[in-house]
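So the protein sequences, as listed, match chains D and H. In terms of numbering that gives the first Met the number 0, the first sequence is residues 0 to 393. In terms of numbering that gives the first Met the number 0, the second sequence is residues 0 to 114.
Rather than coming from a laboratory, the hints here were simulated on the basis of the structure. Take these hints with a grain of salt, some might be off.
[Claimed, not checked] Here are the computed lysine-lysine pairs in the DSS-like style, where the Cα-Cα straight-line distance is at most 27 Å:
#1 Lys-52/D x Lys-194/D
#2 Lys-275/D x Lys-187/D
#3 Lys-171/D x Lys-194/D
#4 Lys-68/D x Lys-49/H
#5 Lys-326/D x Lys-187/D
#6 Lys-68/D x Lys-105/D
#7 Lys-84/H x Lys-52/D
#8 Lys-68/D x Lys-54/H
#9 Lys-171/D x Lys-187/D
#10 Lys-68/D x Lys-326/D
#11 Lys-326/D x Lys-279/D
#12 Lys-84/H x Lys-376/D
[Stated by the list, open to error] Partial selection, computed: residues in chain H whose CB lies under 10 Å from chain D:
#13 Leu-30
#14 Glu-53
#15 Ile-57
#16 Ala-59
#17 Thr-68
#18 Glu-70
#19 Gln-80
#20 Thr-95
Backbone N, C-alpha and C fix where the C-beta goes; we use that ideal spot for every residue, glycine too.
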Amino acid sequence: MPDALQHDLYIRGTREQAAKQDFVASLRKYVLNDVANELRERYETQIEPAMEKAGAEPSSGPDVHSALKPDPLFRLYSSIRYNTQEMVWRSVLRPLGANRAELGEKIDATTRGETLGSLSLDPNLEIPRNVTAIDVHLVPGSYHREDPQAPWMAGAVYDHGFSVFSFGMMGKNHDDIGQSMSQYILHKFPDFQPKTILDVGCTIGHNTCSWKQSYPDARVVGLDVAPASLRYAHARAEAQGTPIDFEQANATALPYEDNSVDVVFSSMFLHELSVKDIRKFLAEANRVLRPGGLMLHMELPPNDSLEPYDAFYLDWDAYYNNEPFYKAFRDQDITALCEEAGFAADKYLQFITPQYSMMSQEDYAEAIQEEQGFSDKTGRFADGIQWFGFGAWK
Amino acid sequence: MTNDQDISLDTRGSRPSFFDSVSQDVFMTALLETMNQLWATRDYACGLEKLLVEKGVIAAGDLDALRWTTEEEAANEAGRQAFLKDAFRAVNADFTSIEKRNKQIDNFDESELSI
Numbered sequence: 000m001p002d003a004l005q006h007d008l009y010i011r012g013t014r015e016q017a018a019k020q021d022f023v024a025s026l027r028k029y030v031l032n033d034v035a036n037e038l039r040e041r042y043e044t045q046i047e048p049a050m051e052k053a054g055a056e057p058s059s060g061p062d063v064h065s066a067l068k069p070d071p072l073f074r075l076y077s078s079i080r081y082n083t084q085e086m087v088w089r090s091v092l093r094p095l096g097a098n099r100a101e102l103g104e105k106i107d108a109t110t111r112g113e114t115l116g117s118l119s120l121d122p123n124l125e126i127p128r129n130v131t132a133i134d135v136h137l138v139p140g141s142y143h144r145e146d147p148q149a150p151w152m153a154g155a156v157y158d159h160g161f162s163v164f165s166f167g168m169m170g171k172n173h174d175d176i177g178q179s180m181s182q183y184i185l186h187k188f189p190d191f192q193p194k195t196i197l198d199v200g201c202t203i204g205h206n207t208c209s210w211k212q213s214y215p216d217a218r219v220v221g222l223d224v225a226p227a228s229l230r231y232a233h234a235r236a237e238a239q240g241t242p243i244d245f246e247q248a249n250a251t252a253l254p255y256e257d258n259s260v261d262v263v264f265s266s267m268f269l270h271e272l273s274v275k276d277i278r279k280f281l282a283e284a285n286r287v288l289r290p291g292g293l294m295l296h297m298e299l300p301p302n303d304s305l306e307p308y309d310a311f312y313l314d315w316d317a318y319y320n321n322e323p324f325y326k327a328f329r330d331q332d333i334t335a336l337c338e339e340a341g342f343a344a345d346k347y348l349q350f351i352t353p354q355y356s357m358m359s360q361e362d363y364a365e366a367i368q369e370e371q372g373f374s375d376k377t378g379r380f381a382d383g384i385q386w387f388g389f390g391a392w393k
Numbered sequence: 000m001t002n003d004q005d006i007s008l009d010t011r012g013s014r015p016s017f018f019d020s021v022s023q024d025v026f027m028t029a030l031l032e033t034m035n036q037l038w039a040t041r042d043y044a045c046g047l048e049k050l051l052v053e054k055g056v057i058a059a060g061d062l063d064a065l066r067w068t069t070e071e072e073a074a075n076e077a078g079r080q081a082f083l084k085d086a087f088r089a090v091n092a093d094f095t096s097i098e099k100r101n102k103q104i105d106n107f108d109e110s111e112l113s114i
């Protein structure tokens, strides 16, 4: 199942290691589909009716969470999910540790001499506390792990771990979000031809590469604060033959002139930031965009767009998956955030799209003709997931 | 054997306790890891490979180079899902507290027998 990675930096490990990764991927698929569906049914058929009968109808995600906490099925579901998250990383750390030298040689060979893209690191940039203070997503060493023997290890852990985590749902080389977002814009706004595209908080550049595929004439840049992820991202893009420039920079201080870029994109990134830093980032996006440029963020849907149970379901990660900023972001009024950053209210954009990599181009083009509303599939990592995008034109 | 002991596997910070007793959380971790190890059947596979190489049936590395066909991978996935359904057959079962169970026996009433 983790064979979703189809580039030369993929380390498969021994048969035993591969079998364990397959098992963990299957376990995640099982808990996020079967057990999650059982939990929802338990809530809808037993817990919610009992609350309504008692005159305490749940009106928010926290209400649902409070009601479910004592429930044995909630506890079991949560325990399996938490353990599985740990097992994801453990299942890839062992083969990566054991094959450090082999992967290092591949990375050196890929990035030596003339390359298609580039890597620019800033030794004076301080990695912010939202990355260093905790092991985000329970990843040992977080996304900045500095391994003297393997200065790209954090990126390799992310890439290989994501393969197990996503149980084949994220497309070839995990590019589905980038494909779905960029193809949506390409289909809906065919006259928009960006020349410079920034993917901010790009980690290993898996979605950055998609923008280059959708807009081959544009210069595409991936920015992140973590050098270990960027070193790997550079080698990964080169291994795929995709010219991307990677730069170490903080989203709150983009190293670009005013009115100089056409797209500022991010995916699953805002919820890793404090609301204060989100405001700074959006203001920076507004500053660097040219008039007519697009700010676009792929994110989990805001809580006020969801039913209480669905809000609770997504908020699980904030409480139990080392995602401390996740809920606070999803509690925000995102249209107001865009306006505060300087974008006009009538330039706001939002949409929900199916997964581009899960269907033919023709079917995708047809599927996005009709506007989709929020549902229990929006942002929920399970069969039939849909992605949410929002932003604004400048 | 390769050396994988010099890479940190542990996440910083405390773990949430989902059950009434931390021992249940510990048991759950042990159970899931055991299931994982069971699937991998490390000793069986390694022993089998060693014997096959020694007897000249396969060459060293043949097993690591093996790739499942799409059909074989689909069958493997179906097998894993069936295994998980078996293992978690008690997920939504009807449970009774031991206090209630004790009371039923202590105050046994044949007319309440439901089976």
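The hints, checked one at a time:
no., hint, verdict
1, Lys-52/D x Lys-194/D, "violated, 59 Å"
2, Lys-275/D x Lys-187/D, "violated, 32 Å"
3, Lys-171/D x Lys-194/D, "holds, 25 Å"
4, Lys-68/D x Lys-49/H, "violated, 49 Å"
5, Lys-326/D x Lys-187/D, "violated, 30 Å"
6, Lys-68/D x Lys-105/D, "violated, 47 Å"
7, Lys-84/H x Lys-52/D, "violated, 33 Å"
8, Lys-68/D x Lys-54/H, "violated, 57 Å"
9, Lys-171/D x Lys-187/D, "holds, 23 Å"
10, Lys-68/D x Lys-326/D, "holds, 17 Å"
11, Lys-326/D x Lys-279/D, "holds, 18 Å"
12, Lys-84/H x Lys-376/D, "holds, 23 Å"
13, Leu-30, "holds, 9 Å"
14, Glu-53, "violated, 17 Å"
15, Ile-57, "violated, 12 Å"
16, Ala-59, "violated, 12 Å"
17, Thr-68, "violated, 12 Å"
18, Glu-70, "violated, 15 Å"
19, Gln-80, "holds, 6 Å"
20, Thr-95, "violated, 12 Å"
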